[in-house]
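S.K.: Here is how the chains run, residue by residue.
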Amino acid sequence: MRRALAARAGVSEKKAGAFLSAVQTQLVEALKNDKQLKINGLGTFKLQAVAPRKSVNVTTGEEILIEGYNKLAFTPEAGVKELIEKGDRTPATEEREAVDPLRKLGAQAEEIVDLLGDLGQRPTEEKKAPKAKAPKAPKAPKAPKKKAQEAAAPEPVAAPEPVVAPEPVKEPEPVVAPEPVVIPEPVHEPEPEIIVQKPKQEKKHHFVRDVLICVVILLLLLFVGYFFLRQQLSGIIDSFIQPAQTEQVEQAPAASPAEPAAETAAEEAGSPQEQLTDESLEASGELDENRYPELITIEPMHEASRLAWMSKRYYGSKIYWPYLYDANRDILVNPSRITVGTPIRVPKLSKLQLDTTNAQTAARLEQLRIEAEEACRK
Amino acid sequence: MLTKEFIGLVTEASGLSKKETEQLLTTMNAIVRENLVAGKAIQLQGLGALEVKERKARTIVHPRTGERTVVPSKNQLVFRPVANIKDEIKKI
Numbered sequence: 001m002r003r004a005l006a007a008r009a010g011v012s013e014k015k016a017g018a019f020l021s022a023v024q025t026q027l028v029e030a031l032k033n034d035k036q037l038k039i040n041g042l043g044t045f046k047l048q049a050v051a052p053r054k055s056v057n058v059t060t061g062e063e064i065l066i067e068g069y070n071k072l073a074f075t076p077e078a079g080v081k082e083l084i085e086k087g088d089r090t091p092a093t094e095e096r097e098a099v100d101p102l103r104k105l106g107a108q109a110e111e112i113v114d115l116l117g118d119l120g121q122r123p124t125e126e127k128k129a130p131k132a133k134a135p136k137a138p139k140a141p142k143a144p145k146k147k148a149q150e151a152a153a154p155e156p157v158a159a160p161e162p163v164v165a166p167e168p169v170k171e172p173e174p175v176v177a178p179e180p181v182v183i184p185e186p187v188h189e190p191e192p193e194i195i196v197q198k199p200k201q202e203k204k205h206h207f208v209r210d211v212l213i214c215v216v217i218l219l220l221l222l223f224v225g226y227f228f229l230r231q232q233l234s235g236i237i238d239s240f241i242q243p244a245q246t247e248q249v250e251q252a253p254a255a256s257p258a259e260p261a262a263e264t265a266a267e268e269a270g271s272p273q274e275q276l277t278d279e280s281l282e283a284s285g286e287l288d289e290n291r292y293p294e295l296i297t298i299e300p301m302h303e304a305s306r307l308a309w310m311s312k313r314y315y316g317s318k319i320y321w322p323y324l325y326d327a328n329r330d331i332l333v334n335p336s337r338i339t340v341g342t343p344i345r346v347p348k349l350s351k352l353q354l355d356t357t358n359a360q361t362a363a364r365l366e367q368l369r370i371e372a373e374e375a376c377r378k
Numbered sequence: 001m002l003t004k005e006f007i008g009l010v011t012e013a014s015g016l017s018k019k020e021t022e023q024l025l026t027t028m029n030a031i032v033r034e035n036l037v038a039g040k041a042i043q044l045q046g047l048g049a050l051e052v053k054e055r056k057a058r059t060i061v062h063p064r065t066g067e068r069t070v071v072p073s074k075n076q077l078v079f080r081p082v083a084n085i086k087d088e089i090k091k092i
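Same order as they appear, the protein sequences are chains Z and B.
Positions 1 to 378 (the numbering used here) are the ones given, in order, by the first sequence.
Positions 1 to 92 (the numbering used here) are the ones given, in order, by the second sequence.
For the record, the hints were derived by calculation from the structure and aren't laboratory data.
Do not take every clue at face value.
Pairs of lysine-lysine residues, derived as PhoX-like cross-links and limited to a Cα-Cα distance of at most 20 Å, are as follows [as the list claims (entries may be wrong)]:
1) Z:K35 to Z:K86
2) B:K86 to Z:K32
3) Z:K38 to Z:K71
4) B:K90 to B:K74
5) B:K4 to B:K19
6) Z:K71 to Z:K46
7) B:K40 to Z:K32
8) Z:K86 to B:K40
9) Z:K38 to Z:K86
10) B:K53 to B:K74
11) B:K86 to Z:K71
12) B:K40 to Z:K35
13) B:K19 to Z:K86
14) B:K91 to Z:K46
15) B:K90 to Z:K71
DEER-style ranges, computed between Cβ atoms [as the list claims (entries may be wrong)]:
16) B:E34 to Z:V208: 54 to 62 Å
17) Z:V216 to B:V71: 19 to 27 Å
18) Z:E67 to B:G66: 40 to 48 Å
19) B:V71 to Z:I64: 36 to 44 Å
20) B:S17 to Z:L65: 33 to 41 Å
21) B:S17 to Z:Q48: 42 to 50 Å
22) Z:I64 to B:G66: 54 to 62 Å
23) B:A49 to Z:I66: 21 to 29 Å
24) Z:L83 to B:A49: 16 to 24 Å
25) B:S17 to Z:A78: 29 to 37 Å
26) Z:R53 to B:A49: 26 to 34 Å
27) B:A38 to Z:L212: 36 to 44 Å
28) B:Q45 to Z:N33: 19 to 27 Å
Using N, Cα and C, we set each Cβ at its ideal position, and we do this for glycine too.
Generate coordinates for the entire structure from the input sequences, incorporating the hints supplied.
M.R.: As structure tokens, this is what we get:
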């Protein structure tokens, strides 16, 4: 080393020796200071701490604490590492790389099938085989024993041999190798191949079937859930509508005798409003004058309700909601936004007012509706 | 620590000029590299040995798909420090 260095650098051996010893001592110093030393063009020396750990004395069973220590690790520079990994590949190894550069074994198996087909047509080549048979024969039976999938392995297994001894004598072997692997037992080889491929196909089928079953089950569940929900929903809606209708029947007679006080109060509140509206809507004549003489009830607005719902409940149809707006004009600024709890006066409507076939009533309703909608926009 | 600082340290310790140490270091690196790439082991006096070891080709199995692939063999660098350096460094 020292000589080579001196010769290469053109320096005396003495100097080279001094340099080397200096490198040695300084490397340790540098590591002591920094725990790391990077040398361009070579790599990095690094201290790696090994944590203390517990262990057991094998003979006595006592616990011992193995103290932590440092060890010196060297990682080569990226470029250097690559060069080393490639190393001095002999032509034999290069060829092997070309044969199987991380290729899937399935593809190799297919190749073997092709080769077999070719060999079946050319029986003369089989005579060449016996030479290579001797080294390969013991390996061929081993492969199927391990696992069927490894059947195609003999190629990579056989190839590493030339790597150890990069002598030109052994090189020819791998060249012949790919063929003899197939030739020795043309009768036996096909079996492992079929075994190689079968499990894969079966797996795929299984997978597809599983997915289909899952999808079908999911669809069924969805349908069942949908029907169940629909049934429940329709039940809820029915139960909501039916009591509403009964209420309407019950409350109509019940309210008038039960709450005379409320009625009078409401009438008192209602009358000035009527006057106001009268002034503004004189044109509607007869209908306006005795518009809302009586009240069925005063109902506080509850959540998710609206005038149309109330109209349906008390008068049997949604179309009469503008009357409700009209009767509560003083409270309702915007009929589409009513705060919960607002007391809504529900007036008793005359037959004329409920008769939508009457042109006057229809016009009145339409007018009220337009007014309400205008109020909405404000 | 980086190469420059290390060169400074070595020049002081060896009594050579800075240029000389730089030159010597690069040639040393070149020699080491050449030897390693050629697959030869090299002894760094009083430091340790750098060797190249072959990692054999092996088959790996993908845990999910069960796919089998061949990892080709490669060479790997191994550094074995000399015993006294090992001991010296243990205590740091």
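S.K.: Flag every earlier hint the structure violates by its number, smallest first.
M.R.: 1, 4, 7, 9, 12, 13, 17, 20, 21, 22 and 27
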